[in-house]
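A.B. asks: So the chains spell out like this:
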Amino acid sequence: MPYLSLILGRVGKAVIVLLAILVFNFFLIHAAPGDPAAVMAGEAGATDEQFLEDLRERFGLDQPLPVQLWRYMGGVLTLDFGYSYRQQMPVLDLILERLPATLMLTGAAFFISLSLGILAGTLAAMRVKRPSGSLIMGLSLLFYATPLYWVAMMAVLVFSVVLDWLPAYGYATVGAGYTGLAHAGDVALHLILPAVTLGLFFMAVYTRMTRTSMLSVSQQDFVKTARAKGLAPGVIQRRHILRNALLPIITLAGLQAGQMVGGAVLTETVFAWPGIGRLMYEALMQRDYNLLLGIFFFCALLVILFNMLTDVIYRLADPRIKQSAA
Amino acid sequence: MSEPLLRIERLALSLPQGADRLYAVDNVSYTLNPGEILCVVGESGSGKSMTANAVMGLLPQGVDVAQGRALFHGQDVLTLSEIEHRELRGRRIGMIFQEPMTALNPLMRVGEQIAEVFEAHGLLTPKARRERALELLEEVRLPDPQSALRAYPFELSGGQRQRVMIAMALALEPELLIADEPTTALDVTTQAQILHLVKDLQTRRGMAVMFITHDFGVVAEIADRVCVMRMGKIVEMGQAREVLEQPQHDYTRALIEAIPGDAVPPARAAGDIKPLLSVTQLDKVYRSSGGWFQPKREVVALDGIEFALGRGETLGIVGESGSGKSTLGRCIVGLNTPDRGEIRLNDVDLRALTGNELREHRQRIQMVFQDPYASLNPRIKVGMAIAQGPIANGVPKAKAMAQARELLDTVGLDASAAERFPHEFSGGQRQRIGIARALALDPQLIVADEAVSALDVSIQAQVLALLDRLKREFELSLLFITHDLRVAAQICDRLIVMQKGRIVEHGNARQIFLSPQHAYTRELLEAIPGRQNHDEAAPATAEAV
Numbered sequence: 008m009p010y011l012s013l014i015l016g017r018v019g020k021a022v023i024v025l026l027a028i029l030v031f032n033f034f035l036i037h038a039a040p041g042d043p044a045a046v047m048a049g050e051a052g053a054t055d056e057q058f059l060e061d062l063r064e065r066f067g068l069d070q071p072l073p074v075q076l077w078r079y080m081g082g083v084l085t086l087d088f089g090y091s092y093r094q095q096m097p098v099l100d101l102i103l104e105r106l107p108a109t110l111m112l113t114g115a116a117f118f119i120s121l122s123l124g125i126l127a128g129t130l131a132a133m134r135v136k137r138p139s140g141s142l143i144m145g146l147s148l149l150f151y152a153t154p155l156y157w158v159a160m161m162a163v164l165v166f167s168v169v170l171d172w173l174p175a176y177g178y179a180t181v182g183a184g185y186t187g188l189a190h191a192g193d194v195a196l197h198l199i200l201p202a203v204t205l206g207l208f209f210m211a212v213y214t215r216m217t218r219t220s221m222l223s224v225s226q227q228d229f230v231k232t233a234r235a236k237g238l239a240p241g242v243i244q245r246r247h248i249l250r251n252a253l254l255p256i257i258t259l260a261g262l263q264a265g266q267m268v269g270g271a272v273l274t275e276t277v278f279a280w281p282g283i284g285r286l287m288y289e290a291l292m293q294r295d296y297n298l299l300l301g302i303f304f305f306c307a308l309l310v311i312l313f314n315m316l317t318d319v320i321y322r323l324a325d326p327r328i329k330q331s332a333a
Numbered sequence: 262m263s264e265p266l267l268r269i270e271r272l273a274l275s276l277p278q279g280a281d282r283l284y285a286v287d288n289v290s291y292t293l294n295p296g297e298i299l300c301v302v303g304e305s306g307s308g309k310s311m312t313a314n315a316v317m318g319l320l321p322q323g324v325d326v327a328q329g330r331a332l333f334h335g336q337d338v339l340t341l342s343e344i345e346h347r348e349l350r351g352r353r354i355g356m357i358f359q360e361p362m363t364a365l366n367p368l369m370r371v372g373e374q375i376a377e378v379f380e381a382h383g384l385l386t387p388k389a390r391r392e393r394a395l396e397l398l399e400e401v402r403l404p405d406p407q408s409a410l411r412a413y414p415f416e417l418s419g420g421q422r423q424r425v426m427i428a429m430a431l432a433l434e435p436e437l438l439i440a441d442e443p444t445t446a447l448d449v450t451t452q453a454q455i456l457h458l459v460k461d462l463q464t465r466r467g468m469a470v471m472f473i474t475h476d477f478g479v480v481a482e483i484a485d486r487v488c489v490m491r492m493g494k495i496v497e498m499g500q501a502r503e504v505l506e507q508p509q510h511d512y513t514r515a516l517i518e519a520i521p522g523d524a525v526p527p528a529r530a531a532g533d534i535k536p537l538l539s540v541t542q543l544d545k546v547y548r549s550s551g552g553w554f555q556p557k558r559e560v561v562a563l564d565g566i567e568f569a570l571g572r573g574e575t576l577g578i579v580g581e582s583g584s585g586k587s588t589l590g591r592c593i594v595g596l597n598t599p600d601r602g603e604i605r606l607n608d609v610d611l612r613a614l615t616g617n618e619l620r621e622h623r624q625r626i627q628m629v630f631q632d633p634y635a636s637l638n639p640r641i642k643v644g645m646a647i648a649q650g651p652i653a654n655g656v657p658k659a660k661a662m663a664q665a666r667e668l669l670d671t672v673g674l675d676a677s678a679a680e681r682f683p684h685e686f687s688g689g690q691r692q693r694i695g696i697a698r699a700l701a702l703d704p705q706l707i708v709a710d711e712a713v714s715a716l717d718v719s720i721q722a723q724v725l726a727l728l729d730r731l732k733r734e735f736e737l738s739l740l741f742i743t744h745d746l747r748v749a750a751q752i753c754d755r756l757i758v759m760q761k762g763r764i765v766e767h768g769n770a771r772q773i774f775l776s777p778q779h780a781y782t783r784e785l786l787e788a789i790p791g792r793q794n795h796d797e798a799a800p801a802t803a804e805a806v
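Read top to bottom, the protein sequences are chains A and B.
Here the numbering used here = 1-based position in the first sequence + 7.
Here the numbering used here = 1-based position in the second sequence + 261.
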């Protein structure tokens, strides 16, 4: 079975890449100015040099860097990402606690941007040179060019403050004590604004790409063949043009999917969404090295996983890849 | 005489504003009878395909019917609504196209694509559609139709894909088959098979065929009647025999002469024997590393190739696609690295050289590429494109540009062309620019890889004449790689016939044409469309060299 060895080879490469990222991140973080012990001591109101030394010794910060790295790597291999001195919790627990909220947000944004983007792009391609097509393209250009934080603030202003349709921030209504379906509905309501905000940019990108791709595919010979068969325009659009036009979209969707953990820092901060992004922001501010490294690791892991997944999906979508695989 | 199946009456199709002429097709009338093969012949831009597109309702955007009618069974199809037209397409008129490589949807299995024809017209159940698809693939004689049904287009060869296209066009037994240059992109032997298939199916089913081509060789093979078009107008029309034997119009005559249907290269004086280039024991194997789902593959492109090329000599390398002929050319120019063997130019082994020495020697070999559209950078002015080579080798810019203008003049273009971009030139003109670019480095050897294959026949003849003149003027040797034996016959002194990476025959061009020794060479020669049988004449004219 040649597939198995190939897949194993892929996974092996991924592990090496992941370890390299880990080492690189480790040195990068330690090259940054700032001393976690000083931050902690400062917050505790202590300025005593001896207290700082004690802190450093307790967390192993007095050791030479290679030793620190060695210890850290050893920990990662046993799924121990260290202890967050700031939050007084193991890093892994912290991340796993926040991960669902982030995945829910980014997953929803991914789904919204991909489905609506392809839909809008298809419509724009079918209505090229007509006002409705131009309108779609105008809107997508607007979303493409508008900064995310501004969209976020305006969305809050319009839909929460003025219209009062949707909650402005948070994950669920505080103190409402909903359970079961009511809780799910409450979360979904809170999810709408951040997810749409986060998805807008990629939706615009998908729209433009789908349209361009469909227009160029529609010039190809096999579309003329399909018309010569007497097929109805709708069938030609769907089965012949759209299917071929979606191939480049898969690549882009893979890129977006890879950012699912690390890509929502801004949105989570604006909407006070209790996810990884905000955790990362806090960890950065507090020089919480172990936590930061742990989050980076998960981001990298997800990017690599989605890269591999994209490869597989691409192969399923385009039978020609099998032949010309590099 | 019975009522014609298709009657085109005074048809004119207007081109969008800014085109080089007002009408794609100007006041054209002709008829097509049931069971008849009509060849519409013309060069690119003659408007030969436009009428067919109008009948199918597949005119490109911007091209509109300005006047006239197209009566199919007495009904004007130009006034049909889109829905009525769709009913006609596929069911009563089938169509096949030039490029089998791109005419099938790459993501759909062949069987599905054939079944779609029935689906489009709401016929049969899905199961019956698949059965019919299989029968059709059998009818067009596709090897192993069962597995072809499940194959994706990329898994089939060009000829096989064209058979699939024909199966698709014939699925609903149309009364009219429109074939738009269906064999132009195919190898000669495959072309002969497809022509035979079309003719055979036409006879068996009694269909009418409108066969659009630029090639009078094909006309001689297949046509009952011919209609010759030029610049949107019909210049000559008549029975195929009459037009081929007694063409009335100068243009028709020129087209027929441009393709000597029974070409035999003239006897040429043996060239200077002193070799310029000698190739020994050249091997090249392409290896693709296996992908996720694919084991490794090896393709032998060159297998023990040996030949010598004399100064001032033109050597033709002839073979079909996949024969390794282009790889050989690329190895000689240095674009590909052979696995083994020697390439000696002026008795220096190029493969042993590196760095500056290699650069100096490699200059002596220049290449002219097949596609005049893709081989010039669209953003670089023509003069600069020619001067770049010399500038890279240390010639001052002003001098190189002056030289470029001279070279443009030499290849028959105006010196002012230097200031224009490639897109302002026609295919033939671009190929002249490509030749000027090759000459700029003062080479001793030019490798022309299918240099005229993308050009119209009349342009082909001009470019060949130019190459022949320049060869004498600049004392060049020419390595002429082509799939087209007719072209090779016009220019080559000696020929090498390649098949699957090996040289199967090697010798004087005239001799090979008159008495081919290898079975494959004979097959190639017999496949040339419109070629008469020369077997009787061969022994008498064959001469030893």
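Check the hints yourself; a few may be wrong.
[Unchecked claim] Derived list of chain B stretches under chain A, where covered just means 3 residues or more per stretch with a C-beta under 8 Å from a C-beta of chain A:
#1 641 to 648
#2 675 to 682
[As the list claims (entries may be wrong)] Partner residues are not named here, just some residues of chain A that face chain B (Cβ under 8 Å, in silico):
#3 Phe31
#4 Arg134
#5 Arg137
#6 Ser141
#7 Asp228
#8 Lys236
#9 Leu238
No lab work stands behind these hints, which were simulated from the structure alone.
No residue lacks a Cβ here, since even glycine has one placed at the ideal position from N, Cα and C.
A.B. asks: Work down the list of hints and note, for each, if the structure agrees.
C.D. replies: A quick look at each hint next to the structure:
Given a C-beta distance limit of less than 8 Å, the hint that chain A covers the segment 641 to 648 of chain B is violated, as 0 residues qualify and 3 are needed. Here the segment 675 to 682 of chain B counts 0 residues with a CB under 8 Å from a CB of chain A, which misses the bar of 3, and the coverage is violated. Contact between phenylalanine 31 of chain A and chain B, as hinted, is not supported at the beta carbon level, the nearest pair being about 28 Å apart and thus beyond 8 Å. Of the supplied interface hints, the one on arginine 134 of chain A is violated, with its beta-carbon coming no nearer than about 15 Å to a beta-carbon of chain B, more than 8 Å.
A distance limit of 8 Å between C-beta atoms decides the matter here; for arginine 137 of chain A the minimum to chain B is near 14 Å, and the interface restraint is violated. A least Cβ separation of about 18 Å between serine 141 of chain A and chain B goes past the 8 Å threshold, and the interface hint is therefore violated. For aspartate 228 of chain A, the shortest C-beta to C-beta distance to chain B is roughly 4 Å, which falls under 8 Å, so the interface hint holds. Look at lysine 236 of chain A: its Cβ gets to within about 4 Å of chain B, closer than 8 Å, so that hint holds up.
With a cut of 8 Å, the hint placing leucine 238 of chain A at the interface with chain B holds, because the nearest CB-to-CB distance is about 4 Å.
The structure is inconsistent with the numbered hints 1, 2, 3, 4, 5 and 6, although it conforms to all the rest.
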